[in-house]
Amino acid sequence: MKDLTFGPFAAVGKATEDILASLGKFGEFFIEILRSLRDVSTWSPLLVQQMRRLGVDSIPISLFLAMFTGVVLALQASYTFTGQIPLYFVGTLVGKTMMLELGPVLTGLALSGRVGANIAAQLGTMRVSEQIDALETLAYNPVAYLVVPRVLAGVLMFPVIVIFANALGISAGLVTAVNLLDMSTQDFIRGLRLFYAPFDITFSLIKTTSFGLVITVIGSFMGFTTRGGAEGVGSSTTRAVVISSMLILVLDAFWAVVLLQ
Amino acid sequence: MRLKNEIVVGMVVVLGAVLTVVGAFWLSGRPWGESQRELVAVFVEVGGLRSGNPVKFRGVEVGRITKIELDPSVGGVLVTMDVSPRAELPVDTGVLLTSASLFGDWQAQIVSRAAYPDEQFTGGNPPGVLPGATQPDITQLTAVGNRIASDLQVLAQRVELAFTEETALKIRETIENVEGISQQLAGFVDQQTNVYHDVSQNVLAAAENITQTTARVGRVATEVEAVFVEGGEVQRILGNVRQASQNLEDLSIRLDQATAGIPSLVSRADTTLGDLGHLAASTADLLDSVEPQVHEIGPAIAEMRHGIATLERTLARVESGDGTLGRMVGDPALYEETQATITALRRMLADIQANPERYIGAVRIF
Chain A
1 MKDLTFGPFA
11 AVGKATEDIL
21 ASLGKFGEFF
31 IEILRSLRDV
41 STWSPLLVQQ
51 MRRLGVDSIP
61 ISLFLAMFTG
71 VVLALQASYT
81 FTGQIPLYFV
91 GTLVGKTMML
101 ELGPVLTGLA
111 LSGRVGANIA
121 AQLGTMRVSE
131 QIDALETLAY
141 NPVAYLVVPR
151 VLAGVLMFPV
161 IVIFANALGI
171 SAGLVTAVNL
181 LDMSTQDFIR
191 GLRLFYAPFD
201 ITFSLIKTTS
211 FGLVITVIGS
221 FMGFTTRGGA
231 EGVGSSTTRA
241 VVISSMLILV
251 LDAFWAVVLL
261 Q
Chain B
262 MRLKNEIVVG
272 MVVVLGAVLT
282 VVGAFWLSGR
292 PWGESQRELV
302 AVFVEVGGLR
312 SGNPVKFRGV
322 EVGRITKIEL
332 DPSVGGVLVT
342 MDVSPRAELP
352 VDTGVLLTSA
362 SLFGDWQAQI
372 VSRAAYPDEQ
382 FTGGNPPGVL
392 PGATQPDITQ
402 LTAVGNRIAS
412 DLQVLAQRVE
422 LAFTEETALK
432 IRETIENVEG
442 ISQQLAGFVD
452 QQTNVYHDVS
462 QNVLAAAENI
472 TQTTARVGRV
482 ATEVEAVFVE
492 GGEVQRILGN
502 VRQASQNLED
512 LSIRLDQATA
522 GIPSLVSRAD
532 TTLGDLGHLA
542 ASTADLLDSV
552 EPQVHEIGPA
562 IAEMRHGIAT
572 LERTLARVES
582 GDGTLGRMVG
592 DPALYEETQA
602 TITALRRMLA
612 DIQANPERYI
622 GAVRIF
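Residue numbers (this note's numbering), protein chains in the order written: chain A, 1 to 261; chain B, 262 to 627.
No false leads were slipped in.
Derived coverage of chain A by chain B (criterion: at least 3 residues anywhere in the stretch with Cβ under 8 Å from a Cβ of chain B; other residues may be distant): (1) 40 to 51; (2) 185 to 194.
Chain A is faced by these chain B residues, among others (derived, beta-carbon under 10 Å): (3) V269; (4) G271; (5) L280; (6) W287; (7) N314.
These are computed hints drawn from the structure, not numbers from a lab. All values reported here derive from a predicted model rather than from experimental measurement. Cβ coordinates follow ideal geometry from the N, Cα and C atoms, glycine included.
Turn these sequences into a full structure, and let the hints guide you.
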C-alpha cells in the first residue's frame, strides 16, 4: 500500500535526482574542459589532427546536404510563390534560409551524427577499455589530451564547414533557379541582396560555433561516462547523437529568440 | 602523397575566411575598390528601413544604408549611408525613404527637394545632415483601407437591419406602382406625340400660307412703289402749272408795259376785254376740266401753252397796233379794267398755287 501510494513520487524523485546528478556531472566535466584549456602543451599537438578529422573530413557530407538543400529551397520557393510574388524573391528565400537556418542546422545535425557519434564511440571505447584510466595513471590529463582538442576542433572548424555549406547551397539555388525556373542570374542576385544584412553571416557563425561546442562536448561527455562494455559504448553513442540533435534545435530557437528579436 | 594535416587544415581555414569576407562584401553590393562618401540624413521616422537597404540616386543604386540610430539631440532618427562619390548631389538634396516594393523592402532615394513639394522634409538640421522625409508604406495604406472596410461593414450591417421582409414587400409594391405609372406615362406620351404631330402639320400648312401671303405682299409693294414713281409724274405736272403761272405773270408785265405806251387803244378795250374774258373762261374751263382727273392736266396744259402761244401772237399784233386790240390798248378805261382783271387773276393763280387741291381735287392712288 505504501509502495502504491508513494511509488510515482519516488519515481519522479529518482528521475529528478538522476537528471540533477547528470547535470552536475556535466557541469563538472565542462568546468574541467575549461580548466584543461590551460594545459596547452597537452592539447595543442593534437588540435590540427582533430581539425582535420572532425572538420575537413566532414566537409563532403556537409556540402552534399547543402547542395540538395539549395536545390529544394529554390524549387519549393517558386512553387509557393505561384506567380503572386516576383520570382526574384526566390533568391531572397534561398539566401536567407541557407544563412540563417538550414545551413547551420542541417550541418549541425549531420555533424552530430558523424562527429558526435565518432567522439562518443572513441572515448567510450577508451573508457570501457580503461585506456582513459591508464592516462590518468600516467599523470596525463585525459580531458586536456582527449576532449579539449576535439572540442576546439569542433568550435573552430564547424563555422568553416558552414561557410562552405552556405556558399554551395546558395550557388545550387542559383543554378537551379536559372536553369529550371526561367529566372535570370541578375534576378536571383537582386533577391539575394534585397534583404541581406551583414549580421546574417554573423548570426550563422554564432549558431554554428555553439553547435560545434555542443556536439563535441556532449559526445565527449557521453564517451567519458560510458559504462558496461560494448553495449555501453553503443548506448553512449546513441545518446550523444540524440542529445546533441535535441540541443542543436534548442539552441537554434535560443539564438533566434536572443539575436533576432 | 597525403598532404600534411597542417596544410590541409590551413588551406580550408584560409579558404573559409576568404569566402566569408568576399561573400559578405559581394552580398552587400558595394563596388570593389571604390572609396565611399558617407552621408547622414535625419528623419522623423524611418518606417521599415534597415541597415543594408539600397540607396538610389536617379533610380541607380549608388550605396547602402550602414547605420540607423535614434538621436534625441536632433529629435529624430539619424541614418548613415555610404554613397558612391560618382553621384553628384543636387543643391537642395533631400533623402526620401520609400517602399521598394509591396513586400516590405525599403530604400532611400537621394532627391531634389524641389521635385517633391508635397513631402515634409525635416528642417533645422545640423550642418552636414541632410533633411529627410518618409513616405507611408503599404501597411499604413492597408490600415486605412481596413478602416474603410470596417466602416462599410458597419454600414452593410445597418442596411441589413433596416432591410426587413416588410421593407422588401413595400419596395416591391412601390416598384409595381412605379411600373404602372410608367406605363400610363408611356400611353400619355404616345397620345401627346400624336397631338404634336397634328399641330406640326398645321404649323407647316400655316407656314406655307404665310409664304404665299408674303409673296403677294411683295408684289403689292412693288406695285405701290410703281405708283409712287407715277407720283413723281404728278410733281412734274405741278411744275408745269407753276411755269404756266410764271408765263401769265410775264404776260401781265408785258400788258402793263403795253398799256403804258398805248393809251389810244383804250377804245378797243372792249374787244380785248372780251378776248380776255374768253381767255379767262377758257382758263376756268381748263381748270375745271383738271379737277375731275389729274391725268388730264397734261393735255390741258398743252392746250394752255397753245393758247398762250396764240396769245403771244395776238399780243405781238397788239403791240404792233394791228387789229382791234391794238387799237384798244390806248384806251385808259380799258387799262383800268384790265388792271382790275389782272389783279383778280393774280389772286386766283396765287390761290391755285397755294391750294391746288381746291381746284384739282383729291388724288387717290388706290
